[in-house]
Amino acid sequence: MGDDRRQILDLLANGKITADEAERLILALERSNGNESSGAAGTVSGSSGAKSRPKYLRVLVEGDEQMTGMKGGTTVNVRVPMQLLRAGVRLAGLIPAQAHDQLDQAFSRHGVPVTLSQIRPENLEELIDHLGDLTVDVDGKDGNPMKVRVFCE
Amino acid sequence: MIPWGASVRVHWNRGTPREHRLWLWIPLFLVWLIFLPLLLVLFPLVACVCVFIGVDAVELYKTSWRMITSLRQTWVEVRTGEFWVWVSLA
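So the protein lines, in turn, are chains A and B. Take the first sequence: its letters are residues 47 to 199, numbered as in my numbering. Take the second sequence: its letters are residues 3 to 92, numbered as in my numbering.
Relax, there's no trap hidden among the hints.
If the Cβ cut is set under 10 Å, some of the chain A residues that face chain B in the computed set are:
(1) Lys-101
(2) Glu-111
(3) Thr-121
(4) Pro-127
(5) Leu-130
(6) Ala-133
(7) Gly-134
(8) Gly-139
(9) Pro-142
Facing chain B, according to a computed beta carbon distance under 7 Å, are these residues of chain A, among others:
(10) Gln-129
(11) Arg-136
(12) Leu-137
Treat the hints as calculated values from the structure; they're not laboratory data. Because the structure is a prediction, the values reported are computed rather than measured. Cβ atoms here follow ideal geometry from the backbone N, Cα and C, with glycine treated the same way.
Let's have the full structure, built from the sequences with the hints guiding it.
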């Protein structure tokens, strides 16, 4: 990187390129060096670096006539942008601190051992990032003809 | 960006000779033109209520704005028998 930058400065000093061109070249150099280092990190960490981030969460629910009583069955298909999920998890940060205890008790009563005060937005962001690897397929069996599929795309 | 409009398609009696279709485009930007200035005007009142209940009013507005701007490209489709509804935000 140092040699490339030196060459650009030499060209500028010799008047072969303008200051504006030199600036653009240096910015392009920094960008390409940044991509190389992040690419290397991705390679070291594994295949997850090469995957693009999912943009949408999809939920598919299918129920047949036996379950819904409607001719032809019922299909519900929802697509939600991941940005909406990221914005939504920040709502948890708006809950007043004095309400945390009451909510924790309510969650515990319903069998969900959650401590709201320990939830941080960055943890939830990490969770949403890992939703990209999530696929849930539920096929109804034994008289339950409903299919549910949750995945990210 | 905030969603400018919502597209609603409704089909009923699908697959029959009496099939009907309806398509509506709802200009959400008109809703925002009224709703968003109203929120700004009400900010002092909202801030007072938020102080009373222990919520950060600025964070509330920022989070609400993020959620509204994230609604674009959301769609919901429901198909039941001969009835089909599709709602999309664009």
